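Line by line, the protein sequences are chains F and R. Sequential numbering of the first sequence, starting at 1, is according to the numbering used here. Sequential numbering of the second sequence, starting at 1001, is according to the numbering used here.
It is possible that part of the hints are untrue.
[What the hints assert, rightly or not] Cross-link-like lysine-lysine pairs, in silico, DSSO-like; alpha carbons within 30 Å at most:
1. R:K1105 x R:K1265
2. F:K8 x R:K1105
3. F:K107 x R:K1265
4. F:K287 x F:K107
5. F:K287 x R:K1265
6. R:K1108 x F:K8
7. R:K1011 x F:K107
8. F:K287 x R:K1105
9. R:K1108 x F:K287
10. R:K1108 x F:K288
11. F:K288 x R:K1105
[Claimed, not checked] Covered stretches of chain R, as calculated for chain F (at least 3 residues, CB under 8 Å):
12. 1091 to 1104
13. 1107 to 1114
14. 1246 to 1253
15. 1261 to 1269
Hints in this document: simulated from the structure, not taken from any laboratory. None of the values given here were measured: they were computed from a predicted structure. Don't be surprised by glycine CBs; every beta carbon is placed ideally from N, CA and C.
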Amino acid sequence: MLSGWIDKRIRYVFIMPALIFVIVMMAFPILYTLRLSFTQWSMSATRAPVWLGLANYKSLFSSDPRFWGAVGRTFAFTMIAVAVETFLGVVIALILNRETRGQNFIKTLFLLPMIATPVAVGMVWLLMYEPSIGVLNYLLGLVGFPQGLWLASPQQALGSLVLVDVWQWTPMITLIVLAGLASLSREPFEAAIVDGASRLQIIRHITIPLVQPTIVAAVILRSIDAFKTYDIIYTMTQGGPGFATETLNIYSFVLGFQYFQMGKASALLMIFFALVLGLAIILNWLKKPFEA
Amino acid sequence: MSETNRYQRRKRLGNIGYWAVVALVIIPFLFPLVWMLLSSFKIQSDITRIPPVWQFTPTTQHYRAVFEEHDFGRYIFNSAVIALGSTFFSLILGLPAAYSIARFKQTKFSLGILVARIAPGITFLIPWFMIFSRLRMVDTYTSMILAHMLVGLPFIVWVMTPFFEGLPIELEQAAMIDGSSQAGAFFRVLLPLTGPGVITSSILAFVFSWNNFMFGVVLTGAKTKTLPVAVFNFMAYSEINWGGLMAAAVVITAPVIIIALVAQKYIIRGLTAGAVKG
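Pulled out of the complex, with its shape left as it was, chain F reads as follows (with noise of 0.2 Å):
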């Protein structure tokens, strides 16, 4: 009887549709860009791809600037973002950790940066941080700051880039900590209160350690989407001015997708690939001693 058949396999006829699905569709895809790294290809039809061993990944290495550039810019993005998000979302979720009637509604308010399409979020920051039109300079004029030319420098794109990734992905820090305050036992602070101790002393030395793990947790998941950012850098500066906003990310899809040069963006993705593996494989390492 069927039922029977699948019952006695049930454990890997439930998985199999799943596991061939992300073999056909990624693990293949991987050994093929794989391949194709140690080739020189141009997408064309009559021409097969000509063998060239380890050229191109010694190219990148040795006589790439972009690429170095591209690695440089991308840990820059990645640290900076994550750690001005950390730092926020760690204080904000401080803030709001009362039990009040609001705090729904003032979660799902928070909960519309990072939910709204990237792209569109791309196109108003695009707006406001017009150097002549934009709201953002006028607004600092108000106050009296110094006005910035944010993505028309080359100097100020990618800290402008990292406001964007900061404004997208503070609250998700704020909220996963949120749910990590939520979830902590009222004891300790009860009798940190009955000692005396002021407010600063109970966070410094309860509610952080206690959250702690729920932080590094938090930081590890935010690292690699930040790492792997795309939307927000392609739809505002493609990489530019010049190259100053070109990551790891952005300069494949321009060797592969722009110029075409399929060999060398293969080399660039196995890199990418390899480092965004090696980052979650050490981060999860690191995070290690915080586990409770």
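Model the placement of chain R on the given structure of chain F, informed by the hints.
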């Protein structure tokens, strides 16, 4: 003044102070979205005016242009078909897989699916594009649904596995004593109990697909162009038409924001999954 009165007054002042701080914190996070909405109803010369215009007679000209001159109705349809399709098929593949991982501790398989969640989407884009080109599947719903499933499926498995782990094994044993098969117990007994998890993961899978830009840039064409690609292309026209752009941005963001307002509880649970236990 009595002690209690003073206490109440201090409490009320504290509350006002609290809400003032909350407003101060939240305004910067809402401002860009409000600005997008306001600008979409301004005439072009008001959008670029400094100091900004706060009071104006709203115009719907940009929305009319977006739908009449640029066929956004069609892009909405495309995005909806792809988002609904990829979410539906991700659930069909993902729910049994999550159950199998949870019940039989198939950590090796779950690791493979987790890699799909971590890997940058662009890694697969070159082979997909070549294979789909060869199969003449570029610019079809099928290729886009398959691509978006690689985002939705791992997410669903990731969110759902702990849900199934949390269900007592006695439930399915009881169903099986009553004569149900294990597969039947899964569909009739367990699945209905994981409703909140299914809602959470499918809402977010839908939103991820709706918002996805990168796959659409490469895999769509005239027939299946999705909203994010259409909005981006809108910008590429010679002179930036800010009004039209903001209207287009509102059109694409509105559904997601409405979903967020209605289902915030589920979305927060999904987005914070993996960081917070329980």
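Outcome of the hint check:
no. : hint              : in the structure
1   : R:K1105 x R:K1265 : 29 Å, holds
2   : F:K8 x R:K1105    : 16 Å, holds
3   : F:K107 x R:K1265  : 9 Å, holds
4   : F:K287 x F:K107   : 27 Å, holds
5   : F:K287 x R:K1265  : 28 Å, holds
6   : R:K1108 x F:K8    : 20 Å, holds
7   : R:K1011 x F:K107  : 23 Å, holds
8   : F:K287 x R:K1105  : 23 Å, holds
9   : R:K1108 x F:K287  : 21 Å, holds
10  : R:K1108 x F:K288  : 20 Å, holds
11  : F:K288 x R:K1105  : 21 Å, holds
12  : 1091 to 1104      : holds (count 10)
13  : 1107 to 1114      : holds (count 3)
14  : 1246 to 1253      : holds (count 6)
15  : 1261 to 1269      : holds (count 5)
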